[in-house]
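Peer 1: Residue strings, one per chain:
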Amino acid sequence: MVKTERLQAEEAEPAPGSAWLTGAAAWFVPGLGHLMQKRWWRAALMGGAVWLCFFVGMGMGGHLFDLAAEGSSPLLQVPPMIANLGTGALYLVSWLLDYGFKDDPAQAARATYEYGNTFLLIAGLLNYLTMLDAFDIAAGRKP
Amino acid sequence: MRHFLVMTLFAALASVVFGAMAKDTTQERLLYGLKVFAEFMVIGLVLGWILYFIP
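Residue numbers (our numbering), protein chains in the order written: chain W, 1 to 143; chain V, 144 to 198.
No lab work stands behind these hints, which were simulated from the structure alone. This structure is a prediction, so every number in the text was calculated from the model and none was measured. Treat the hints loosely; a few may be bogus.
[Stated by the list, open to error] In silico DMTMM-like cross-links for lysine to aspartate or glutamate, where the CA-CA straight-line distance does not exceed 20 Å:
no., chain 1, residue 1, chain 2, residue 2
1, V, Lys178, V, Asp167
2, W, Lys142, W, Glu13
3, W, Lys38, W, Asp136
4, W, Lys102, W, Glu70
5, V, Lys166, W, Asp136
6, W, Lys102, W, Asp66
7, V, Lys166, V, Glu182
8, W, Lys102, W, Glu114
9, W, Lys38, V, Asp167
10, W, Lys142, V, Glu171
11, W, Lys142, V, Asp167
[To be verified] Which residues of chain W face chain V? A partial, calculated answer using Cβ under 8 Å:
no., residue
12, Arg42
13, Met46
14, Cys53
15, Leu129
[To be verified] Have a look at the derived ranges for each label pair, beta carbon to beta carbon:
no., chain 1, residue 1, chain 2, residue 2, range
16, W, Ala111, V, Thr169, 33 to 43 Å
17, W, Ala68, V, Glu171, 36 to 46 Å
18, W, Ala106, V, Met150, 33 to 43 Å
Just so it is clear, CB atoms sit at the ideal spot from N, CA and C, and this is done for glycine as well.
Only chain V is shown next, with the shape it has when bound in the complex:
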């Protein structure tokens, strides 16, 4: 659980910076930040499950 929370915190911090500096309008920035956050989380979970099955 702790590893998941650390990954979530990492994704949140990185996506805040990515979102704040990208795009032109506040709405676009917010959507982009959320998209980056979701991508970090999904890719992290997929990689975690892949590595789980590799001895």
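Extracted from the complex, chain W is given alone in its bound form:
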């Protein structure tokens, strides 16, 4: 970060509580943060991309990560779990229904299994970006 940017960041006002609420909503339901601010197109494009990415990943037989590791250290599960957690309610509902977490050899043998994993990871990471965008708009840091 260059000096002027650092000074601007230091001078920036703290984000209001509503911005944090918007950020939390944006994480929990992809696209909701922008919908709350009546940014319809952004909500449709960014939220829609995350939802589509998640369901395409599931359809390809992808696997969601949690701390229950089979044959490997639970620590290795943490980075992909953080990525998967980015999808918010989609991850939590899948976890509650125990859908997409099992290591099934038949599922792993599918040609699209690794693609599915990647789509699920990227869905979460894209939603983190969407969440930050919604937060910045709500905090008045972005038009």
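Given the coordinates of chain W, work out where chain V should sit on it, guided by the hints.
Peer 2: Chain V only, in chain W's frame:
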């Protein structure tokens, strides 16, 4: 062919999000999204051909 379509879908979804959150005007966002999409596709194809020749 299916692998190519999956890569195209992946590039499209990622570039939509990147494009929507970057830049200031709609035109700049559209151009940036297209640029990111093209970069994903070109780099994917180049890497694919490189890996094709590695046993």
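Peer 1: For every hint, state whether the structure bears it out.
Peer 2: Structure-based check of each hint:
Among the hinted pairs, Lys178(V) with Asp167(V) is consistent with the structure: their alpha-carbon atoms are about 16 Å apart, no more than 20 Å. With a CA separation close to 13 Å, the supplied pair Lys142(W) and Glu13(W) stays within the 20 Å bound. At roughly 14 Å between alpha-carbon atoms, Lys38(W) and Asp136(W) fall within 20 Å of each other, so this suggested pair holds. With a C-alpha separation of about 10 Å, the suggested pair Lys102(W) and Glu70(W) falls inside the 20 Å cut-off, and the hint holds.
A C-alpha spacing of about 14 Å is found between Lys166(V) and Asp136(W), which places the hinted pair at or below 20 Å, so the restraint holds. For the hint pairing Lys102(W) with Asp66(W), the CA-to-CA distance comes to about 10 Å; that is within 20 Å, so the pair holds. At roughly 17 Å between alpha-carbon atoms, Lys166(V) and Glu182(V) fall within 20 Å of each other, so this suggested pair holds. For the suggested pair Lys102(W) and Glu114(W), the alpha carbons sit about 15 Å apart, so the restraint of at most 20 Å is met.
About 18 Å separates the Cα atoms of Lys38(W) and Asp167(V), which keeps this hinted pair within 20 Å; it holds. Between Lys142(W) and Glu171(V), the direct Cα distance comes to roughly 15 Å. Compliance with the 20 Å bound is thereby established for this hinted pair. Restraint check for Lys142(W) and Asp167(V): satisfied, since their Cα atoms lie roughly 9 Å apart, inside the 20 Å limit. A distance limit of 8 Å between C-beta atoms decides the matter here; for Arg42(W) the minimum to chain V is near 6 Å, and the interface restraint holds.
The closest approach between the C-beta of Met46(W) and any C-beta of chain V is roughly 5 Å, which is under the 8 Å cut-off, so the hint is satisfied. About 5 Å separates the beta-carbon of Cys53(W) from the nearest beta-carbon of chain V, less than 8 Å, and the hint is met. For the restraint placing Leu129(W) at the interface with chain V, the shortest Cβ-Cβ distance is roughly 6 Å, inside the 8 Å limit, so the hint holds. Between Ala111(W) and Thr169(V) the beta carbon distance is about 38 Å. The supplied range of 33 to 43 Å therefore holds.
As the Cβ distance of Ala68(W) to Glu171(V) is approximately 45 Å, the hint placing it in 36 to 46 Å holds. One distance hint, 33 to 43 Å for the beta-carbon pair Ala106(W) and Met150(V), is violated here, with the actual separation near 25 Å.
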